[in-house]
Structures are given as C-alpha cells and as structure tokens.
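Asker: If you read the sequences in order, they're chains F and V. Quick note on this note's numbering: the first sequence kicks off at 1 and runs consecutively. Quick note on this note's numbering: the second sequence kicks off at 1 and runs consecutively.
Source of the hints: derived by calculation from the structure; they are not laboratory data. Mixed in with the good hints, there may be bad ones.
Identical copies carry no separate label here, and so any pair may be met within one copy or between two of them.
No farther apart than 30 Å at their CA atoms in a straight line, the calculated lysine-lysine pairs in the DSSO-like style are these [as the list claims (entries may be wrong)]:
#1 K95 with K70
#2 K150 with K162
#3 K46 with K3
#4 K172 with K54
#5 K167 with K95
#6 K95 with K8
#7 K162 with K55
#8 K159 with K27
2 protein chains.
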Amino acid sequence: MLKKLILKNRSYRRFYQTHIIKVKTLKGLVDLARISASAGNLQSLKYILSCNPKKNNLIFPYLKWAIYLKDWPGPKEGQRPSAYIIILGDTQISKNFWCDHGIAAQSILLGAVEQGLGGCMIASIDREGLRKALNIDARYEIHLVIALGKPREKVVIEKLGKDGDIKYWRDKKNI
Amino acid sequence: MLKKLILKNRSYRRFYQTHIIKVKTLKGLVDLARISASAGNLQSLKYILSCNPKKNNLIFPYLKWAIYLKDWPGPKEGQRPSAYIIILGDTQISKNFWCDHGIAAQSILLGAVEQGLGGCMIASIDREGLRKALNIDARYEIHLVIALGKPREKVVIEKLGKDGDIKYWRDKKNI
Numbered sequence: 001m002l003k004k005l006i007l008k009n010r011s012y013r014r015f016y017q018t019h020i021i022k023v024k025t026l027k028g029l030v031d032l033a034r035i036s037a038s039a040g041n042l043q044s045l046k047y048i049l050s051c052n053p054k055k056n057n058l059i060f061p062y063l064k065w066a067i068y069l070k071d072w073p074g075p076k077e078g079q080r081p082s083a084y085i086i087i088l089g090d091t092q093i094s095k096n097f098w099c100d101h102g103i104a105a106q107s108i109l110l111g112a113v114e115q116g117l118g119g120c121m122i123a124s125i126d127r128e129g130l131r132k133a134l135n136i137d138a139r140y141e142i143h144l145v146i147a148l149g150k151p152r153e154k155v156v157i158e159k160l161g162k163d164g165d166i167k168y169w170r171d172k173k174n175i
Numbered sequence: 001m002l003k004k005l006i007l008k009n010r011s012y013r014r015f016y017q018t019h020i021i022k023v024k025t026l027k028g029l030v031d032l033a034r035i036s037a038s039a040g041n042l043q044s045l046k047y048i049l050s051c052n053p054k055k056n057n058l059i060f061p062y063l064k065w066a067i068y069l070k071d072w073p074g075p076k077e078g079q080r081p082s083a084y085i086i087i088l089g090d091t092q093i094s095k096n097f098w099c100d101h102g103i104a105a106q107s108i109l110l111g112a113v114e115q116g117l118g119g120c121m122i123a124s125i126d127r128e129g130l131r132k133a134l135n136i137d138a139r140y141e142i143h144l145v146i147a148l149g150k151p152r153e154k155v156v157i158e159k160l161g162k163d164g165d166i167k168y169w170r171d172k173k174n175i
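The shape of chain F in the complex, shown without the other chains:
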C-alpha cells in the first residue's frame, strides 16, 4: 500500500496550473511533516505556503527545474505549479538541521500524492533571489521548495541501462 503510494510519487514538473489548491490543503500537508520525526524534537523547520497566482509568480523565477533536460527551461505558463511549500530552517532554534527537511518533504509529497496531487522537491534555488522576493529573514535557511499541483505529465520508471546512465529524459510523446 505504501509502496504503491511511493511509486506514484514521481517528480512531477508539469501541472494543470488552473487547478486550485487551498491553503487548508497545504496546512494539512505541513501537519504531516509536523508529526514526522524531527531531530531532538526541536521542530526547527518552518514553512512558507503559497497557493495564489501572485505569490506563485514571485517564487517561480528562482527555481531551476530539471538539470538533465538541458533544452527545457521549466514549465511554461499554464503548466506551472498551483502551489508551493517552502521549507525553512530556523537558525535561532538549531544550527544543524540534519536531514529533517528530507523527512518533512517526503511526508508532504506522499500526502499530496494520496490526494491526487503531485510535485517535486527543488533544492536548486536562487536562494538570495528568493529571499529578497519574499522578504525572508536572514534567520531562516532556505532548504527546499516543494512545487505542488495536479500532474499533467506521465512519468515512468525505467530499469537502469547497461551504460549506467541515471539521467531522466523525455521521449517524443514527452513522457
């Protein structure tokens, strides 16, 4: 059952942008992270939620989308995420976040997939740009941006070829 959910939880990068995700949904996903393991139960992660077009537009330009798809700059207008959850680390609580943001992000994305949504953890971020755009205090480290939406693409898992190439790619049908 969990395995099915994990298999469904691919990295989705194209979405039905007009699909609305409510702030209540995002809070529910963060709640899954809250009740997940936290080093020393310090709960040093904090979150920025975004699910309206204006705020989403502030975030989008600072994300790098798919390192192996050299000719693809990221989802075009109409296929962009409906929402984002930005995971921050509060340096006034801890200086070492261990892998708490990985634990949190996995809970959040599995929760999203369970609801028919999907997304992508993005660590390749213009952090200083994003910090300025959202006026994020220096106290907070920017760990990850989770892009969320209703997936508009098919992602399949392939066995590793003999060449050992782990890069994801798209075929003619954009799968």
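Assemble the complex: chain F is given as a structure, and chain V must be docked to it using the hints.
Answerer: Only chain V this time, still in chain F's reference frame:
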C-alpha cells in the same frame, strides 16, 4: 490513511529483541528508499543491513539513544533492536547528499510501521567506532542508523505545554 501511518511511526527505542526480522524484509524496506526521490537521481545512498545477533551486537555500542532521557543509557539486553539499516553516502558518487537520507529514512520507517514493526532514526553515532567495528571504507559517509524491531513500548503524542518544553519524557509506567 497516510496520516494514520505517520502517527503510528513514533520513535521506538525498546523492542521484543527475539522477534526475528528477515533480511528479505530489510531489502524490501531499502527498496522503498530506492524508489523514493534521490537528488539528481544519483542514488548515492548505500546500505548496510543487519538482522543477526552477532552483527547487531557490533553496531549497538556505537549508538546514543535518547538525548533527553539522561538516566537511560539505551535499551537493555532483551529490549534491543532485531535489526539495523545503516544509511551511507558514497562520496565517489556525490559529495553533497542533500537531504536524501531523510527521504530514504522516512520511506523505510513508514514501510516498517506498515508491517507492524517500528524503529528510530539515530544520527548520534560514534562514527569512527562504528566504521572500525564494521570495517566501513572511508569512501562512505555514515549518515544514519535506523534501529528496527517489534516495538515494546507505548509512545504518545502530547500537546506542547505552556513552558514550550519539547523534550520527550517517560512517566511512572514508562510510557
């Protein structure tokens, strides 16, 4: 459904030590990590599995169990984990593991809980001691040890008190 699983996935530190966990079960759990997100799909995490008393005894002395339970040195003989999954990072594949080990550990523990097992992510490790005991090559960074077993304790979630104290504790019934 996922929320139920996450709520059940507490940090368990006392177990029915004689409960046998098969290597096949551990491989199934690592498989959940394998199909979870990996930065750039580099799959730079590697795993050491242990589910026999001899190997378990080699690992146990290098783990620090519960930072807030000052008078408790860790589970006594008979209540120790039946198995361990050690998460390593292969520095020949990547120098930056991001939060991949958090993602992997969360998948592994949720998978364990789904099967009636449970455990604890341990990052407080005598890494050099463990490296020597298991003869782990310098090429591998030791990220986490996941202790696994059939839980022999009750863990409840409490609301944060007014004093803001996030430390876990045990009552007279050892809950």
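Asker: Does each hint fit the structure? Answer for all of them.
Answerer: Verification of the supplied hints:
In this homomeric assembly, K95 and K70 come within 30 Å of each other (Cα to Cα) only across copies, at 22 Å, whereas the closest approach inside a single copy is 35 Å. Neither within a single protomer nor between protomers do K150 and K162 lie at most 30 Å apart by alpha-carbon distance, with minima of 34 Å and 40 Å respectively. In this assembly of identical chains, the alpha carbons of K46 and K3 lie at most 30 Å apart whether taken from the same copy (28 Å) or from different copies (20 Å). In the homo-oligomer, the alpha carbons of K172 and K54 never lie at most 30 Å apart, since the shortest distance is 33 Å inside one protomer and 53 Å across protomers.
Within a single copy, K167 and K95 get their C-alpha atoms only as close as 33 Å, which misses the 30 Å cut-off; across copies the closest is 18 Å, which meets it. For the identical chains of this complex, K95 and K8 are inter-copy neighbours only, at 29 Å across copies versus 34 Å inside a copy, given an alpha-carbon limit of 30 Å. Neither within a single protomer nor between protomers do K162 and K55 lie at most 30 Å apart by alpha-carbon distance, with minima of 44 Å and 34 Å respectively. Only between protomers do K159 and K27 lie at most 30 Å apart by alpha-carbon distance; the minimum there is 18 Å, versus 36 Å within a single protomer.
Going down the numbered hints, you'll see the structure goes against 2, 4 and 7, while the others check out.
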